[in-house]
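Undergrad: Here is how the chains run, residue by residue.
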Amino acid sequence: MIDKIFSSMDEAVADISDGSTIMFPGFGNTGIPRNLMAALLTQGAKNLIGISNGSGGRDDRIDIGVLVRARQFKKLVMAFTASPHPSRATIFNELYEAEEIEAELVTQGTMAERIRAAGAGIGAFYTPASVGTELAEGKEHRMIDGKEYVLEYPFHADYAFIRATRADTWGNLQFTLAQRNFNPIMAMAAKTTIVEVEEDILEAGAIDPDHVHTAGIFVDRIVKIPEDGIWDSVPQR
Amino acid sequence: MTEKTPLNRRQMAARVAQEFREGWLVNLGIGIPTLCSNFAKEVIFHSENGVIGYGPQVAEGEENINMVNAGGQHVSLLPGGSIVHHADAFAIIRAGYLDVSVLGSYEVAENGDFANWKTAGRKGGGIGGAMDLAVGAKQVFIIMEHTTRDGKPRLLKEVALPATARGVVKLLMTNLGLFDVTPGGFALREIAPGYSPEDVQAVTEAELLISPDLIQISGTG
Chain A
1 MIDKIFSSMD EAVADISDGS TIMFPGFGNT GIPRNLMAAL LTQGAKNLIG
51 ISNGSGGRDD RIDIGVLVRA RQFKKLVMAF TASPHPSRAT IFNELYEAEE
101 IEAELVTQGT MAERIRAAGA GIGAFYTPAS VGTELAEGKE HRMIDGKEYV
151 LEYPFHADYA FIRATRADTW GNLQFTLAQR NFNPIMAMAA KTTIVEVEED
201 ILEAGAIDPD HVHTAGIFVD RIVKIPEDGI WDSVPQR
Chain B
1 MTEKTPLNRR QMAARVAQEF REGWLVNLGI GIPTLCSNFA KEVIFHSENG
51 VIGYGPQVAE GEENINMVNA GGQHVSLLPG GSIVHHADAF AIIRAGYLDV
101 SVLGSYEVAE NGDFANWKTA GRKGGGIGGA MDLAVGAKQV FIIMEHTTRD
151 GKPRLLKEVA LPATARGVVK LLMTNLGLFD VTPGGFALRE IAPGYSPEDV
201 QAVTEAELLI SPDLIQISGT G
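Chains as they are written, first to last, in the working numbering: chain A, 1 to 237; chain B, 1 to 221.
Just so you know, not all the hints are guaranteed correct.
List time: in silico BS3-like cross-link candidates among lysine-lysine, alpha-carbon distance up to 25 Å [unchecked claim]:
id	chain 1	residue 1	chain 2	residue 2
1	B	123	A	75
2	A	191	A	224
3	A	75	A	139
4	A	74	A	46
5	B	123	B	152
6	B	170	A	147
7	B	138	A	147
8	B	170	B	157
9	A	139	B	123
10	B	123	A	74
To be clear, the hints were calculated from the coordinates, so they are not data collected in a lab. No experiment lies behind these values; they were computed from the predicted model shown.
Using the sequences plus the hints, can you model the full thing?
TA: Structure follows, in C-alpha cells:
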C-alpha cells in the first residue's frame with residue numbers, strides 16, 4: 001500500500017546530509033515550508049546549497065534567514081543578493097558582504113525555468129533574459145530568428161521542501177492561491193520531495209483528480225503540520 | 001508665472017496609468033509603479049508569483065494570508081482572476097503576453113537601456129524578475145525621480161551602472177516630465193508645472209528633443 005506519511009518533521013528531514021542541495025519555495029509570506037525549515041535547523045546539516053527566491057530574515061519568523069544565521073549554507077542561489085536599501089539588510093546580506101557565504105544571482109524567470117527544466121528532463125534552454133548584462137557574461141549566446149538568447153542549464157536538487165494546503169496518502173497536492181508560487185516546479189525538480197501539509201491528510205481518491213495541482217508521483221514524504229506547528233499569519237502592519 | 005512644481009509619486013503613477021488601454025495585461029514593479037493600480041481602470045494586473053487579475057490592497061484584518069502580489073502586499077483576487085505557478089508566470093512574461101511592464105530604475109539611457117538592479121559600491125544586487133520583464137513585455141515604461149538625491153542626472157547618454165536590459169524603454173515618467181524614448185533620444189512630451197524645457201535640460205545629461213506639441217502635465221492624483 002502506498003503511504004508516504006511521516007509522523008514528524010524531524011523524521012522527514014533526518015537523512016539530509018551535509019552538502020545537500022535543497023529547494024525552498026515561498027514568495028512574500030506565503031507558500032513557505034517553515035515547519036520543515038525549523039526541523040532542518042534542529043537537524044543541523046551544514047554546507048548546504050539553497051535555491052530560493054530571496055534570503056528571508058526580514059522578521060523573527062522561521063524562514064531561510066534563520067538557516068542562514070545558523071551558518072547551515074555554503075551557498076544560496078537567488079534573485080536577490082542585495083537588499084533594496086542598506087537599512088533593510090538581512091543576515092544574508094551581512095554574511096555575503098563579509099564573504100562568509102557564496103551566492104549566485106539569477107533573474108527570477110530564469111531561476112523558475114531552470115527549476116522547471118530540471119523537473120522536465122530538459123538539458124538546457126535559451127532565454128532572452130539577461131542578454132547584454134553582467135549575468136550573461138561568459139555564457140553561450142545564440143541568435144534565433146533574429147533575436148539573441150543566452151544558454152541556461154537546469155537546477156537539480158537533492159531535496160525540495162514544499163508547503164501545501166491539502167494532500168492525500170498518494171501525495172497528490174493542492175495549494176491555495178498565491179501559496180502555489182515555486183512549490184509545483186520545485187516538487188518536480190528534486191530527487192526527494194518533502195511536503196508539509198496544513199489540513200488532515202486525506203485518503204487516496206478524496207481529491208478530485210481534475211483538481212490536483214501537483215501529482216503524487218512527484219512527492220516522496222508527507223507530514224501533517226501539528227497543532228503546535230508553525231502556521232501562517234498576516235504580519236502586523 | 002507658475003511656481004515650479006515637480007510631480008509627486010502619485011501624480012507620476014496617475015499619468016502613466018492614463019497610457020493603459022482597456023483589457024491590457026499589466027505588470028507593476030515595486031515602488032512608484034505599484035501606485036498605478038490606484039488609477040488604472042479595466043486592465044488585468046499580473047504578478048510574478050503567478051497571480052493574474054489581482055485587485056486593490058485589502059483592509060487590515062481582512063487579508064488572506066495566501067493572497068499577495070509581487071510587492072508582498074495582501075491584495076484581493078478579482079472575479080475572473082486565476083493562479084499559475086512561478087514558471088508559467090514567467091512564461092507569460094517572456095512570451096510577450098504582457099502589454100506593459102512598468103518598472104522603477106536608477107538610470108535610463110537615451111537608447112532605451114536601463115539599470116535598476118545594482119547600485120555602485122555594493123556587493124550583489126536585487127534583480128527579482130526585472131531582466132525577464134524588460135525583454136519580454138511588449139512595452140517597458142519606467143517611472144523614476146529625474147535626478148539622484150545629490151542632484152545628479154539619471155537620464156544619461158549611456159548607463160553607468162550595470163544594465164538590466166538594452167534598448168527596451170519606450171516611455172519614461174519622471175517628476176519633471178513625460179518622455180518618449182525615440183531613435184533620436186529622449187523626446188519631452190509633457191512637462192511639470194512651472195518648468196521650462198531649459199530647466200529640464202539643465203538636470204539631464206542626454207540631449208533632449210522637445211516635442212512641438214509640448215504641454216504641461218495636469219496634476220491629477
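Undergrad: The structure should be examined with respect to each hint, and the outcome stated for every one.
TA: How the hints compare with the structure:
Annotation: proposed proximity of residue 123 of chain B to residue 75 of chain A holds, straight-line Cα distance about 15 Å (limit 25 Å). About 21 Å separates the Cα atoms of residue 191 of chain A and residue 224 of chain A, which keeps this hinted pair within 25 Å; it holds. The straight-line distance between the Cα atoms of residue 75 of chain A and residue 139 of chain A is roughly 21 Å, inside the 25 Å bound, and the hint therefore holds. Taken as a hint, the residue 74 of chain A and residue 46 of chain A pair is honoured in the structure, with Cα atoms around 8 Å apart against an allowance of 25 Å.
Distance hint between residue 123 of chain B and residue 152 of chain B is fulfilled; the C-alpha atoms sit about 22 Å from each other, no more than 25 Å. The suggested pairing of residue 170 of chain B with residue 147 of chain A holds, with an alpha-carbon distance near 18 Å, which does not exceed 25 Å. About 14 Å separates the Cα atoms of residue 138 of chain B and residue 147 of chain A, which keeps this hinted pair within 25 Å; it holds. Of the pairs offered as hints, the one joining residue 170 of chain B and residue 157 of chain B holds, with about 15 Å between alpha carbons and a cut-off of 25 Å not exceeded.
Of the supplied pair hints, the one linking residue 139 of chain A and residue 123 of chain B holds, its CA atoms being roughly 21 Å apart against a limit of 25 Å. Between residue 123 of chain B and residue 74 of chain A, the direct Cα distance comes to roughly 17 Å. Compliance with the 25 Å bound is thereby established for this hinted pair.
Every hint from the earlier list agrees with this structure, and none is contradicted.
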